[in-house]
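Residues 1 to 195 in the numbering used here are what the sequence shown spells out, letter by letter.
For the record, the hints were derived by calculation from the structure and aren't laboratory data. Just to be clear, a hint being listed does not mean it is correct.
To be verified - Derived DEER-like restraints, expressed as beta-carbon distance ranges:
#1 S90 - K183: 33 to 43 angstroms
#2 T10 - L71: 28 to 38 angstroms
#3 D180 - E40: 40 to 50 angstroms
#4 L20 - H82: 37 to 47 angstroms
#5 C119 - E179: 20 to 30 angstroms
As the list claims (entries may be wrong) - Computed list of lysine to any residue pairs in SDA-like fashion (alpha-carbon distance at most 20 angstroms, straight line):
#6 K183 - L13
#7 K99 - V140
#8 K131 - V85
#9 K92 - K131
#10 K121 - L152
#11 K103 - I144
#12 K131 - F111
#13 K121 - P15
#14 K31 - G44
#15 K93 - K121
#16 K103 - K121
#17 K131 - H72
#18 K103 - P130
#19 K121 - H145
#20 K31 - L42
#21 K121 - P12
#22 K91 - V137
#23 K78 - K131
#24 K121 - S57
#25 K103 - H145
Positions of the beta carbon are idealized from the N, C-alpha and C atoms, including for glycine.
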Amino acid sequence: MCIAVFMWETHPLYPFLLFLNRDEYHSRPTKPLGWWEGGEILGGRDVQAGGTWLASSRDGRLTFITNFRELHSRPHTKTRGHLSVRFLQSKKKPIEFAKEVVKEADQYNGFNLILVDLCSKSMVYLANRPKENGNFVTEVSSGIHVLSHANLDSLWLKVRRAYMAPNGEMYFYERYLDEDLWKEHTVTYQIEMPK
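Construct the complete structure from the given sequences, taking the supplied hints into account.
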């Protein structure tokens with residue numbers, strides 16, 4: 001699905017900064033960022049399956065999910081994007097919700113899930129791959145982290161192309177296939193660092 005580079009409890013002014021690029025088939029229908037019915041969830045929406053890859057709630061909760069790269073995905077599994085929706089609709093702490101998901105994690109294709117509660121300063125990472133390691137749940141430590149199609153902070157090819165300089169410049173390079181042609185895209189962001 002995507003690559004996410006994020007700072008957690010590191011910047012003196014912003015407790016959480018996120019840079020996320022979603023990879024998905026262009027033909028897969030989505031709704032853009034907006035408030036969902038009921039007005040409690042803000043995020044994009046996967047029209048095909050009804051879930052989301054990135055969303056937040058009015059009460060300071062946020063979640064994002066990436067697929068775990070596998071040679072073969074299983075048909076007829078639960079949709080991973082619903083995990084994000086369920087978290088935002090629940091009132092459970094991130095660690096409590098993650099432990100609940102572990103019990104059913106084998107019903108999904110591979111995923112990485114980040115659960116955040118900004119009010120309680122809690123961030124949890126949950127992965128259900130690789131299978132031989134079992135399900136993995138951990139509190140995310142403060143710092144700069146990268147998540148793509150492998151485990152958190154692993155040196156996946158895309159991850160090696162993302163960089164954050166000490167001066168706050170965030171650089172991301174990707175190469176992608178578009179209509180049978182390889183194209184390149186570079187994005188640079190400047191985060192204002194305190195003096």
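Query raised in the report: What are the numbers of the hints that this structure violates, sorted from low to high?
Result: The structure conflicts with hints 4, 5, 6, 8, 9, 11, 16, 25, although it agrees with all the remaining ones.
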